[in-house]
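Novice: Residue strings, one per chain:
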Amino acid sequence: MTILLEAQNLSRFFGPNIAVQNIDITVKRGEILGFLGPNGAGKSTTMKMLSGNLAPDNGEIRINGFDLLTQPKQAKAQLGYLPENPPLYRELTVGEYLKHCARLNRLKGKALKSAVDTVIDRCGLGEVQRRLIGQLSKGYQQRTGIAQAIVHSPAVVILDEPTSGLDPVQIRQIRELIREIANEHSVILSTHILPEVEMLCDRVQIISKGQVIFADSLAALHQQRLSSRLRISFANPPPIAEIQSLEHVASVEVLSSQQFRILYHPENDPTESLLIQAVSKQWQLQELVREQDSLEDIFMQLINFDTAAVETIN
Amino acid sequence: MWCVARLEFSRLFLSPFAWVMLALVQFLLAYLFLSHIDYFAQIQGQISAIPGAPGVTELVIAPLLNNAALVLLMIAPFITMRAFADEHRNHSLPLLISAPLSASQIVFGKYIAYLGFFLLQLVLIALMPLSLIAGSAIDLYQLSAGMIGLVLLVASFVAAGIYLSSLTTQPIIAAVMTFCLLFLLWIIDFAAASASAGEVNWLGWLSLLGHFQPLLAGQISSVDLSFFVLFCVVFLLLTIRRLDAARLS
Numbered sequence: 001m002t003i004l005l006e007a008q009n010l011s012r013f014f015g016p017n018i019a020v021q022n023i024d025i026t027v028k029r030g031e032i033l034g035f036l037g038p039n040g041a042g043k044s045t046t047m048k049m050l051s052g053n054l055a056p057d058n059g060e061i062r063i064n065g066f067d068l069l070t071q072p073k074q075a076k077a078q079l080g081y082l083p084e085n086p087p088l089y090r091e092l093t094v095g096e097y098l099k100h101c102a103r104l105n106r107l108k109g110k111a112l113k114s115a116v117d118t119v120i121d122r123c124g125l126g127e128v129q130r131r132l133i134g135q136l137s138k139g140y141q142q143r144t145g146i147a148q149a150i151v152h153s154p155a156v157v158i159l160d161e162p163t164s165g166l167d168p169v170q171i172r173q174i175r176e177l178i179r180e181i182a183n184e185h186s187v188i189l190s191t192h193i194l195p196e197v198e199m200l201c202d203r204v205q206i207i208s209k210g211q212v213i214f215a216d217s218l219a220a221l222h223q224q225r226l227s228s229r230l231r232i233s234f235a236n237p238p239p240i241a242e243i244q245s246l247e248h249v250a251s252v253e254v255l256s257s258q259q260f261r262i263l264y265h266p267e268n269d270p271t272e273s274l275l276i277q278a279v280s281k282q283w284q285l286q287e288l289v290r291e292q293d294s295l296e297d298i299f300m301q302l303i304n305f306d307t308a309a310v311e312t313i314n
Numbered sequence: 001m002w003c004v005a006r007l008e009f010s011r012l013f014l015s016p017f018a019w020v021m022l023a024l025v026q027f028l029l030a031y032l033f034l035s036h037i038d039y040f041a042q043i044q045g046q047i048s049a050i051p052g053a054p055g056v057t058e059l060v061i062a063p064l065l066n067n068a069a070l071v072l073l074m075i076a077p078f079i080t081m082r083a084f085a086d087e088h089r090n091h092s093l094p095l096l097i098s099a100p101l102s103a104s105q106i107v108f109g110k111y112i113a114y115l116g117f118f119l120l121q122l123v124l125i126a127l128m129p130l131s132l133i134a135g136s137a138i139d140l141y142q143l144s145a146g147m148i149g150l151v152l153l154v155a156s157f158v159a160a161g162i163y164l165s166s167l168t169t170q171p172i173i174a175a176v177m178t179f180c181l182l183f184l185l186w187i188i189d190f191a192a193a194s195a196s197a198g199e200v201n202w203l204g205w206l207s208l209l210g211h212f213q214p215l216l217a218g219q220i221s222s223v224d225l226s227f228f229v230l231f232c233v234v235f236l237l238l239t240i241r242r243l244d245a246a247r248l249s
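Protein chains in written order, with full-length UniProt numbering: chain A, 1 to 314; chain B, 1 to 249.
It is worth saying that the hints were derived from the structure and are not from the lab.
Just so you know, not all the hints are guaranteed correct.
[As the list claims (entries may be wrong)] Beta-carbon label-pair distances, calculated as ranges:
no., chain 1, residue 1, chain 2, residue 2, range
1, B, Met1, A, Asn183, 28 to 38 Å
2, B, Ala137, A, Gln135, 50 to 60 Å
3, A, Gln301, B, Leu237, 46 to 56 Å
[Said to hold, decoys possible] Just a few of them, taken from the derived set where beta-carbon distance is under 10 Å, the chain B residues facing chain A:
no., residue
4, Trp2
5, Ser10
6, Asn90
7, Leu93
8, Pro94
[As the list claims (entries may be wrong)] Now the stretches of chain A that chain B is said to cover, found in silico as 3 or more residues with beta-carbon under 8 Å:
no., stretch
9, 52-60
10, 69-76
11, 90-96
12, 185-194
Glycine included, C-beta positions come from ideal geometry on N, C-alpha and C.
For reference, chain B alone in the conformation it holds in the complex:
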């Protein structure tokens, strides 16, 4: 499992793609971060008079992490699209299949590698709010809850991306499918919001955003955590089944 992860991770960083993604995402979020700080500096004088007013954590860090989630949603499909679609296109999958590895080891190995990439990205993102410690007191607990939320979120993105990548031989189709699925699960909340009160809100329950927002506000509940874990497990199991089915079809 670790050897697959290692192979995949080194392949990821041998292409310029991963570096470009890391740099551009960092640039984009840094810009957003600075504009949030700018805005905060402007209104700081006015809100300081109000008792119990939101602080820098609510006004800068939470929006930043929220933006980070959206940006990652958009780039994740382009990273994970290579997972299996590229191997199918290159005819390189037999290398892994005829090695003494089970299908689950192959899938988990790839999952770990891609997750590793995004964790690296998250560490870079986390540096920005942490830099505020130099000039201001921040709510580290809310920040860590938000980061846990982001980790769970990208773990779900990667799981879904890997599964959809195993369905096709064209990486770009995998990327588009993944993006559509993730985006749908992101905005499905809007439809749920319009449902009349009292109805079972199952569309809302499916929403990634709906489970991410409480974490961002610093509220860790087992419902949200188990949603993300279930989401990952389901897609990884589907991928393993898909890989086994390829031998039988």
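If we strip away everything but chain A, and leave its shape as in the complex, we get:
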């Protein structure tokens, strides 16, 4: 697959403070890359650098083959950007605003009109296209912001926290919109909301304190989430030593008189033998759950691990 956006070794300092250090990003065609991190991790700084609003101190950015620093015009023509605060002019109507945005991106005549009509349709702005942007609800403003980013059909769309400050219904609508956009464009999405990444993204980069601490597909992240824990409860529980002695069981933790947590090595799954034993010895199995780490847990683990590692180095 073609690589549409490639950034290497991006670094940015604000005075003595490191905002972002040695970040590599690649986005392929039709892919949604989630850029995940706590507030203040350097997400927005990175997004600003990718969109040409902030010059990196180090590193290079190529968008669809054009270098953003040496050929900024060609590169920016391939780029749609929605900053954290949507860049809207409150005194224009939605239709006028999008027309101007299309003009800024070199669209003219019929192409301009059809592009604006298409984007109004895609973003569901038909009802409000004659209303002033300043009077719209936050959700519609956000949609107008997204429409602005995709009106010229750029190769790469960069969305910086597109769902922040919206209500749950609006968030759902915006997510559907983003998924639709990804059919035609590559999307880089920054967020601090984990389920959002889970729902939308193909690949994830987790960033903390300006450094990438995890970069892989979502499937790999799920892999990491599968842990080696079973929660099990019996109406008629056996003595704990008996469970302990079963094959492949590493250790047993007592949660209540009937409920236990069984830890095992991922390569040796004791579920099978446990079930056979439970049936044959009439322990009356009531519940058997494979416990997963939530994405939050992994997130915290990764961040804590990273902080710990940095502390050991120091």
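Let chain A serve as the given structure and place chain B on it in line with the hints.
Specialist: Same frame as chain A, now just chain B:
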């Protein structure tokens, strides 16, 4: 560049601000114009006897254009204050920055839009002296020299205003700074006038008024023209540099 100008121009006229400014300035100058005519009508009988006495162009049109220059000096900062300060405050500048435009295109586009507004204002102002043609002979050459002077003057006001607007996120601070700068450059002449003869009069050279007065009297010299052109170019270049620097800071 033209798309930025178009965007900026339509935004300017979508706010009531531009319309109010146009109307009020026109009202103010119309009042001054009428009082000048009134005065001229009073003294007309007396001066007609003097050979080579000043005519209607010197006594009505020149003072009117001079007043127009002062009024524009006072309102220009309030129009240009929005140029970049408003964008900074609205966080809307990224729209222009991430569009395929260079910093100079953004700056020139905005400059053209604001200049367009003031040219419109000048056309309205020029209608007043031109209306005198109906009843009197006027010196069209002196009038056009004065109008050229006014165009160059507002071009300089706008250039300075846009630059100062790019320095701050508060439009009102931009307006006050612009007003102070323009006013200082207007009155700097007074200090220069008191300097003893023979000294290099560099303060006088900086004065906007000093370069505008000869044009008003109908005297077009390349020194004055190049002063205004240089003034605009310097401030526009500073603005472009400022916009580029914002990416690096």
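Novice: Are the hints correct? Go through all of them and say.
Specialist: Hints and how they fare:
no.	hint	result
1	B/Met1 / A/Asn183: 28 to 38 Å	holds (34 Å)
2	B/Ala137 / A/Gln135: 50 to 60 Å	holds (55 Å)
3	A/Gln301 / B/Leu237: 46 to 56 Å	holds (53 Å)
4	Trp2	holds (9 Å)
5	Ser10	holds (7 Å)
6	Asn90	holds (7 Å)
7	Leu93	holds (7 Å)
8	Pro94	holds (5 Å)
9	52-60	holds (count 4)
10	69-76	holds (count 4)
11	90-96	holds (count 4)
12	185-194	violated (count 0)
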